[in-house]
Amino acid sequence: MTVAALTGYFLEKIAYRPLRKAPRLVPLISAIGASIFLENAVELLFSPQLRNYTNPDILHRGSGWTIVINHSNVIVPYTGVFSFLLSAILLVIVYTIVRKTRLGRAMRAVALDKKTAALMGVDVDSTISQTFILSGALAGAAGVMFGIHNGLIYYYTGFIPGIKAFTAAVLGGIGNLPGAMLGGMFLGIVESVGPAALGIDFQLKDVLAFVILILVLIFKPSGLLGESLAEEKL
Amino acid sequence: MKKTYLRQSFDTGIIFGIVHIFCVLIAFNAMLGSLLAKIVNVTSSLTSPAVGALIAYAVILGLWAGIASALRQRELSDGKRLLASLVTGSSSGLLAAVLVGIFQLMLILNINPRDYLTNLSLPFMQACLYSLPGLLGILANFFTFLISAFVGGLLVVGWNLHGFASIRHQINNAPKNWIAKLRSGSAKKQLIQKYVFYALLFVLIAILPLEWGSYWNYVIGTVGLYVIMGLGLNIIVGLSGQLVLGYIAFFAIGAYTMALLNAPIPHNLMWGFWPALVLAILLAALAGFLLGLPLMRLRGDYLAIVTLGFGEIIRILLNSDLLTSFSGGPRGVQGIHGPTIFGQVFSDVNYMYLIILAVALAMYVYNRLQHSRTGRAWLAIREDETVARATGVNTNKYKLLALVIGAGFAGLAGAISAAMNQFIGPGDQSLMASINVLCEIIVGGMGNIPGTLLGAFALKGLPELLREVENFRMLAFGALLVAMMILRPEGLIPSQRPTLELPEETPPATSSTLTDAAKIKPPEENPHD
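Each protein sequence line maps, in turn, to chains A and B.
Just so we're aligned, residue 16 is where the first sequence starts under this note's numbering, counting upward by one.
Just so we're aligned, residue 133 is where the second sequence starts under this note's numbering, counting upward by one.
Everything labelled a hint here was simulated from the structure, so no lab data went into it.
Ideal Cβ placement from N, Cα and C applies to all residues, glycine included.
One thing to keep in mind: the hints can contain errors.
[To be verified] Straight-line alpha carbon distances no greater than 30 Å define the calculated DSSO-like cross-link-like pairs of lysine-lysine that follow:
{"hint": "1", "chain 1": "B", "residue 1": "529", "chain 2": "A", "residue 2": "235"}
{"hint": "2", "chain 1": "B", "residue 1": "212", "chain 2": "A", "residue 2": "28"}
{"hint": "3", "chain 1": "A", "residue 1": "130", "chain 2": "A", "residue 2": "115"}
{"hint": "4", "chain 1": "A", "residue 1": "220", "chain 2": "A", "residue 2": "129"}
{"hint": "5", "chain 1": "A", "residue 1": "235", "chain 2": "A", "residue 2": "220"}
[To be verified] According to the in silico footprint, chain B covers these stretches of chain A (three or more CB under 8 Å from chain B):
{"hint": "6", "region": "175-185"}
{"hint": "7", "region": "228-234"}
[Said to hold, decoys possible] Label pairs and their computed distance ranges (CB to CB):
{"hint": "8", "chain 1": "A", "residue 1": "128", "chain 2": "B", "residue 2": "422", "range": "36 to 44 Å"}
{"hint": "9", "chain 1": "B", "residue 1": "477", "chain 2": "A", "residue 2": "204", "range": "47 to 55 Å"}
{"hint": "10", "chain 1": "A", "residue 1": "161", "chain 2": "B", "residue 2": "210", "range": "28 to 36 Å"}
{"hint": "11", "chain 1": "A", "residue 1": "135", "chain 2": "B", "residue 2": "414", "range": "55 to 63 Å"}
{"hint": "12", "chain 1": "B", "residue 1": "336", "chain 2": "A", "residue 2": "174", "range": "40 to 48 Å"}
{"hint": "13", "chain 1": "A", "residue 1": "161", "chain 2": "B", "residue 2": "422", "range": "30 to 38 Å"}
{"hint": "14", "chain 1": "A", "residue 1": "103", "chain 2": "B", "residue 2": "287", "range": "36 to 44 Å"}
{"hint": "15", "chain 1": "A", "residue 1": "24", "chain 2": "B", "residue 2": "138", "range": "20 to 28 Å"}
{"hint": "16", "chain 1": "B", "residue 1": "267", "chain 2": "A", "residue 2": "128", "range": "55 to 63 Å"}
{"hint": "17", "chain 1": "B", "residue 1": "500", "chain 2": "A", "residue 2": "32", "range": "39 to 47 Å"}
{"hint": "18", "chain 1": "B", "residue 1": "283", "chain 2": "A", "residue 2": "135", "range": "47 to 55 Å"}
Sequences and hints are given; from them, build the entire structure.
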């Protein structure tokens, strides 16, 4: 988590801060460039092969509690429960930070209106840096959970979850924390159950995720719980 | 004041030091070393690089650090600038020394970190210590940086010395003088120049494909296809300002159309090259239309992510088992038949001519569009969509048009590529290919033709020449994108926005607000008040 947080800090400092005043496309392209750079840096530092996660014994992958539903055994894996609980704890922590602390207030103020927040005495640069550190830390935790649950990682594993993270955030409404959690859960359920329920291949679960993203953005750009930032700001 | 500049140069050194540590850990120094070694004809490899090559790399980095540090302190005296570069050298040298100190420890304790960081093999670590025992290796690293940074500072200071003033002026102004000389001269001379240039170009284009062998035909042909794609993406991103990240999907649609209509498996419909080409373009354009229709409302970043998702959808679908019977699945489609001329299948020379024709067509279409009403509408949309809408431009129609035409270009490129390579597979249609094209137009310059050409040559032609760099290519891409956005977001050749042409107004001889105000007589005072 620390490494991811640090990466977030440096990322913001190098790739995003100089571009704060630029038109919209420029920071986006810079973000893409930075993401390519980071992915390939990881590839070069640690080899491009798949790497294994060795879990501590409590979290042995594949084993879990067995529930009997309809005369068939369903295994609830330990790693899954662990991820779920950890993310719930992290959500509570982040929610507290954003709602109750000074930093959280500063973040919300900067999100609303940077210049006025600066006039009110908020250190915009420092707040944005801290936001990136926080989100980096969360992403790092997510990465670890992913590794524990799935066991195999390589430098490119983060790409698709990154897009799905965006989908989940948009689903719930950008800027809305419980919405993001809800969006994530919704997306996860749809991805796991969807292909089986709709009778299509498991390979296509990513396709399902993207289709949902497109549908949500078309019909309800403000997300399920809502903040409207997807449409053109007039 | 003194404290600030010393602190700044120290920080610069720290940054260079961190970059150095990173480069060592990814064996970048070894790679540079092997490049340099090739020139000097010494053996050097990634795993046991030659010590001299590593020293050369460190010297270059140190020089750069010194130069950067001295340049930064522009207003200070020469002595202070030298001191700045010295401080920079020492701080980056310090970091380098710490790194190789750790290496030395690992060598002594015989720890092999190969499991964690793939590049740190024992020979590699020893080479980083310049094959010197113990403390000497660490000190050598430190002093390499210190000395080369100092030399860098000397260079900067020396360059600015008075003695060199005249030479410096000449070098700085040479390009400007040269261009001015070209542009001068009578109109007739200009015309002759233009004709000669085009005649030469025509001759080159006609003869070169026959002469330079199939490897170059293939490389330049691929570059040509990328130019077509670059122009298409330029229409969407550069001219009308919509960032589309899944562009490769249209390429895939075009390619697969050509493939499925012209290959024995999976369906044996031999439609022939030209009808399939037309259909490929049309289908790709249709896909652009269908994709664009629901996305008109979306803001820039959201549009990008959604189109990214679309590109990925196409890739996953093509790769899946579901559509294997239709599209060949992960194995792709092989044995695509190309066009025939006079009964003979196209050779690579013929493909080259075909691609040149296609590129010329694309450039022509692009140029005409750019300077037409549609092009101006796109510019308006790009600059400020709300204002464009307010002035009566039908933004939806023009945005869709941009997508359709851009997608059509990609379809063209895809179809030709499928026929040329006689194979198409879902692996090529990844996000990286989309980003390749995007990189190309961003680096070269968005919104104009020379920029696209430059970008295509730089990003496709160069890696073919620099095979060694293959490992680091994507890394360089990423860094290049970020750097370009920070330093020069308009690209190497920025697009010239067409300026409004007004008839020359002759201003009055003397005009200033003061004189104008003096001309206004104050209202006459009524003497009777």
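Hint check for residue 135(A) and residue 283(B) - Cβ pair distance inside 47 to 55 Å: holds, 50 Å
Should the hint that residue 477(B) and residue 204(A) are 47 to 55 Å apart at their CB atoms be regarded as holding? holds, 53 Å
Count the residues of the region 228-234 of chain A whose CB lies closer than 8 Å to any CB of chain B, then report whether that count reaches three. holds (count 4)
Proposed proximity, residue 129(A) with residue 220(A) (alpha carbon, max 30 Å): Violated, at roughly 39 Å.
Is it true that the C-beta distance of residue 161(A) to residue 210(B) lies inside 28 to 36 Å, as the hint says? For residue 161(A) and residue 210(B) the Cβ distance comes to about 55 Å; the hint is violated.
Quick check: the region 175-185 of chain A, covered by chain B? Criterion 3+ residues, Cβ under 8 Å. holds (count 5)
Could you say whether the range 39 to 47 Å given as a hint is met by the Cβ separation of residue 500(B) and residue 32(A)? Since the Cβ atoms of residue 500(B) and residue 32(A) sit about 41 Å apart, the hinted range of 39 to 47 Å holds.
Would you say the C-beta atoms of residue 336(B) and residue 174(A) sit inside 40 to 48 Å of each other? holds, 42 Å
Is 36 to 44 Å a correct range for the gap between the Cβ atoms of residue 103(A) and residue 287(B)? violated, 59 Å
Regarding the pair residue 529(B) and residue 235(A), is the alpha-carbon distance no greater than 30 Å? holds, 23 Å
For the pair residue 161(A) and residue 422(B), does the Cβ-Cβ distance stay inside 30 to 38 Å? holds, 34 Å
Restraint status (C-alpha distance of residue 212(B) to residue 28(A) at most 30 Å): OK: residue 212(B) and residue 28(A) at ~29 Å, within 30 Å.
Against the hints set out earlier in the document, violations occur for numbers 4, 10 and 14.
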